[in-house]
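Asks: With the hints as extra help, turn the sequences into a complete structure.
The residues making up each chain are set out below.
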Amino acid sequence: MARFIERHPAWALIVIIAVAVLLWLVFAIWPPGLEAAIGRKRVFLNAVLNGITLGGLYFLVASGFTLIFGLMRNVNLAHGSLYLFGGYIGYAISTWTGSWILSFIVAFIAAALVGVILQLAVFRRMEGQDLRQTMVTIGLSIVFADLMLWVFGGDFYQVQTPSWLIGPVQLPLLTAIKSSGEPVYLQYPLVRLVIFAASVVIGIAMWLALNRTRIGMIVRAGVDDRDILAATGVRIQLVFVLVFALGAGLAGIAGVVGGTFQSLSPGEDTRFLLASLVVVIVGGMGSIPGAALGAVIIGLAEQLGSVYIPTYAIVVTFLIMVVVLALRPQGLLARR
Amino acid sequence: MLKSSLGLIALSSLLLSGTAFAQEKIKVGVTATLEGTYTVLGEDGMRGHQTALNVLGKKIGDKELEFIVASTDATPDSAVRAVRKLIEQDKVQILLSPLSGDEGIAVKNFAKTHPELTFVNAASGAQETTYVDPAPNFFRYNMDGAQWQVGLGKYAYETKGYRKIATVGEDYSFIYTQVFGLVLEFCGAGGQVTNRQWVPLGTKDFASVIAALPDDVDAIYLGLGGADAVNFLNQYQQAGGKAHLMGGSIMIDQTILSSKGSAKNALIGTIAASGQADTWEDPGWQKFVKAYQDSFPESKRFPSPSLLATNYYGSTMALILALRQVNGDLSNNQAKLKDALAKIEIDAPNGKIKLDANRQAIGTNFVTEVVDDGKGALFSKVVKVIPNVNQTLGYDPAVFAKIGLPSRTVPECKKY
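So the protein sequences, as listed, match chains A and B. The first sequence begins at 17 in this note's numbering and counts up by one. The second sequence begins at 455 in this note's numbering and counts up by one.
In short, the hints are calculated from the structure, not lab data. If you're wondering where the values come from, they're calculated on a predicted model, not measured in any experiment. Note that CB positions come from ideal geometry on N, CA and C, so glycine has one too. Mixed in with the good hints, there may be bad ones.
Said to hold, decoys possible - A few chain A positions that, by computed beta-carbon distances, are all more than 10 Å from chain B:
1. 47
2. 58
3. 112
4. 116
5. 118
6. 129
7. 158
8. 166
9. 190
10. 194
11. 214
12. 222
13. 334
14. 346
Unchecked claim - When the alpha-carbon atoms are kept at most 27 Å apart in a straight line, the in silico DSSO-like pairs for lysine-lysine are as follows:
15. A:194 with B:618
16. B:754 with B:744
17. A:194 with B:696
Said to hold, decoys possible - In silico contact screen, one side only, chain A against chain B (beta carbon under 8 Å); selected entries:
18. 63
19. 170
20. 177
21. 178
22. 186
23. 203
24. 207
25. 281
26. 333
Replies: Written as C-alpha cells, this is what we have:
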C-alpha cells in the first residue's frame, strides 16, 4: 500500500478522493440539489449494494474458473455448464428435501464429481495442448446444454428461498429525513446480504487455504512451476484433480445461489461463462483477489448502469474490459 | 461386411420411405424462440402448432403438409437467419413465422424480398409489422400488442380506482406496443402514467430497477415476459414489494403463471388484458383447452395453453383452412392461397378472427384477473370480453395516425 503511494502518488490521490466521495455518498444525507440531479439516494444505495452482492455471485463462479486456469493453464469453457448443472441439482434437492442448506452441499458434490470426471477423462489426456482443450470444452458445453435441456426442459426454475430469508431488513444507512424529522432507513432484501456474506466467507477461506496450508503451498508452487513441483515428488495429478473438483464445486454452489436470487433456464450457462470470462480478464487470469475485484467492478457496473444509463447498460461491462485490456492487458491484480 | 450390409439396409429403408410417401408435399417452415429468454414461450407455441395439426390433420386434398422447424432467440437477426435458411436450404414454400415482436418487423421486411412466397405470422405482436408499410404477402391472424391491452386502462381507472401508475417493460417493439395501448386508454380515461422504465430483454438482476420504482403510484404495470418476468417477480418478493400490479399479455400468461417456485404468487389479484383468458366458458375455447391437454402428457405442457400456444394454433389453423379452400394450389406465385388467406374468417379458440386491409387481425380481447384455483395453480379469470377490436383501437384512422408509432415515450399521456 505504502509502496503503491510512493510509486504512483497521482493515482493514489485519485483513488483516495474517489473512495472519500463514495463514502460521503453512502453515509451523508443528500442535499436537495444532488437529489434533483441524479435521483433519490435510496435508488443509488440500492444499486451500489446490488452491484456488490451481484459481484459476490460472480466471484463464486469466476474464482473456480480462475483457480483452474491458474494451476492448469486450462481455459475450461464448460464452466458455465457446471454452474447450470449445480443449480438444477440444487433445485431438485431443495424441492425434494425442503432444505436449502442441503442443496448447496449436494450441488457442490455433484458439480465437483463432474469436474473430477472431466479432469480424468478429458483434460489429463490432452495435457499442455491449450487449443485442443479449449475446443473440447466448447464442444462439451454444447453437449451439456442439450442434455440439460432434455432433462429439465426450457422452464424457469427457482430454488425456493427459505422462509426466514424472504423479505427485506432495515440497514443502518440513512436514505432521507422526513419533514417531521423522522429518519428513513434503507430496506434491503435479506437473502442477498446472506449470500454476499457467504461468498465473502468462501473467498477468505480460499485465500487462507491457499496461503496458510500445505496443500495451498503446493498449489501455489504448481501455479509458478509445474514441472519443478512434479520433480520434487509431489503427486501433481492428484493436486490437479483436487483443484478441478474445488473449482467445479464452487460453480455448482454458485448455481444454487443464482437459482435463488435469479432463476435457472437454458442459456444461463453461457451467460455466466461470459460473465466469469469478463471478470477474470478484468481481474487477472489466475488470481483469486483479482477475481474478487473484477467481480465487484463488473457487478457495480451492471447495476449502476441499469439505473443511470439503462440504454447502454449492456455495453458498460465490455467497455471496462476493453479499457483494462488496453491499459493493463494482464488484468488489474495479475502478477507479471 | 457388417458395415456394408448396414449401409444397404439404411439405403433400402430410405428408398422404401420414399415410395411410401410418394404423394406431393407442401413444405412449410416454422420458427419459434427455442433459445434464450423466451424459450418457454417458443416451446408452448410449438405445442399449440402441434395441437392444431392433431385436430385438423396434415392432409390438403391429395397433398400432405411437411413442417420444418427452425429456432430463433427473439432477436430480429436470428429470425431472418432462420427464415432465410428455411427458404434457401429447405426450400419451404410457406412460412409460419415468427414469434416475437422485433422478429416480426424484420421478417415482414424480409417477406418483401420473396413476393412469390407466403408468410403467415405465428405469434409476433408489434404494431409496426402490419401498420407501417405492410408486406402484401404477410398475414397476421393474431392481434397486436396494443389491441391486446384494450379494456385494461378503463378497468383499472373505473373499477379499480387507480389514478397514477408507473410502467416497467422490456425495451423492444412488442412491449412498446403494449404500453402504447395501455397508456392511450388509461390516460384517455383521466389517469396518469408518471414513469416508464425500460430494461433490456434478458435482464437477470432487477434489484436496482425495483429500487427505482416510484412509491407514490397506485399500481405498477409490468410488461415483461419469459425469464425476465420470473426474475422480476422473484426479486420483487425478496425486496418486500407490496404495490398493486397490472400485467401485460405475456406477463399474465401460463408461461409465467405455471413457473416453478413461489415468485408467481405475487401475481394473485393482478389485473391484465390479453387475447385470451384461461377460464373463459366459451365452448370453442374449452374444446381447444381439452385438445391441448390431450395432445401432451401433463408434465410436458402447462395446465392450460398459453397465449403463444393459442396464437400458433390460430395461425396454423388459418393456413390449413385456406390451403384446403384452394386445394393446395400454389401455382402462379401462390396467388390463390394469398387471396384465400386475405378473405378467410376463422373460428379461433379465442373468438372469431378476420383480417383488415393490411392483413392484420380483428378479433376479441379479454380483461382478466389472476386467481388461485385452490390447489396452487394460477389462472387468468375473465372479467370482460371485448369483441371486434381493430388495429386502430376504435380511433378514427386519421386521429390514430397522428399519435405516432409506439416507442419509449410515445404516446404521450393525454386524451387524443
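Asks: Against this structure, judge whether each hint is valid.
Replies: Now the hints, each set against the structure:
1. No beta-carbon of chain B comes within 10 Å of the beta-carbon of residue 47 (chain A); the shortest separation is about 20 Å.
2. A Cβ of chain B approaches the Cβ of residue 58 (chain A) within 10 Å, the least distance being about 6 Å, so the stated non-interface status is violated.
3. With a least beta-carbon separation of about 13 Å from chain B, residue 112 (chain A) lies farther than 10 Å from that chain, consistent with its non-interface assignment.
4. Distance check on residue 116 (chain A): its Cβ is at least 13 Å (rounded) from any Cβ of chain B, clearing the 10 Å threshold; non-interface status holds.
5. For residue 118 (chain A), the requirement that its beta carbon stay farther than 10 Å from each beta carbon of chain B is met, with the minimum near 17 Å.
6. Residue placement check: residue 129 (chain A) keeps its beta carbon more than 10 Å from all beta carbons of chain B (closest about 25 Å).
7. Against chain B, the non-interface label of residue 158 (chain A) holds: every CB pair exceeds 10 Å, the least being about 12 Å.
8. Residue 166 (chain A), annotated as away from the interface, keeps every beta carbon of chain B farther than 10 Å; the closest lies near 12 Å.
9. Every CB of chain B is more than 10 Å from the CB of residue 190 (chain A) (nearest about 16 Å), matching its label as outside the interface.
10. No Cβ of chain B comes within 10 Å of the Cβ of residue 194 (chain A); the nearest lies about 13 Å off, and the non-interface call holds.
11. Remark: the non-interface label on residue 214 (chain A) is consistent with the geometry, its nearest Cβ contact in chain B lying 16 Å away (cut-off 10 Å).
12. Under the 10 Å C-beta cut-off, the non-interface status given to residue 222 (chain A) relative to chain B holds; the minimum distance is some 24 Å.
13. Remark: the non-interface label on residue 334 (chain A) is consistent with the geometry, its nearest Cβ contact in chain B lying 13 Å away (cut-off 10 Å).
14. Interface exclusion of residue 346 (chain A) from chain B stands, the closest Cβ pair being 29 Å apart, more than 10 Å.
15. Only pairs whose Cα atoms come within 27 Å are accepted, and residue 194 (chain A) paired with residue 618 (chain B) is accepted, the gap being roughly 23 Å.
16. In summary, the hint linking residue 754 (chain B) to residue 744 (chain B) is supported, as the alpha carbons are separated by about 15 Å, within the 27 Å threshold.
17. For the proposed pair residue 194 (chain A) and residue 696 (chain B), the alpha carbon gap of about 21 Å is at most 27 Å, so the pair holds.
18. With a least beta-carbon distance of about 4 Å to chain B, the hint placing residue 63 (chain A) at the interface is held under the 8 Å criterion.
19. Interface restraint check: residue 170 (chain A) against chain B, minimum CB-CB distance 4 Å, threshold 8 Å, status holds.
20. With its C-beta approaching chain B no nearer than about 7 Å, residue 177 (chain A) sits inside the 8 Å limit, and its interface hint holds.
21. Checking residue 178 (chain A) against chain B: minimum C-beta separation of about 11 Å lies over 8 Å; hint violated.
22. At its closest, the beta carbon of residue 186 (chain A) sits 11 Å from a beta carbon of chain B; the interface hint therefore is violated under the 8 Å criterion.
23. A hinted interface residue such as residue 203 (chain A) counts as satisfied when its beta carbon comes closer than 8 Å to some beta carbon of chain B; here the least separation is about 6 Å, so the hint holds.
24. For residue 207 (chain A), the shortest C-beta to C-beta distance to chain B is roughly 5 Å, which falls under 8 Å, so the interface hint holds.
25. Taken as an interface hint, residue 281 (chain A) checks out: its beta carbon lies about 5 Å from the nearest beta carbon of chain B, inside 8 Å.
26. This hint is violated: residue 333 (chain A) has a C-beta 12 Å from the nearest C-beta of chain B, more than the 8 Å allowed.
The structure shown violates the earlier hints numbered 2, 21, 22 and 26.
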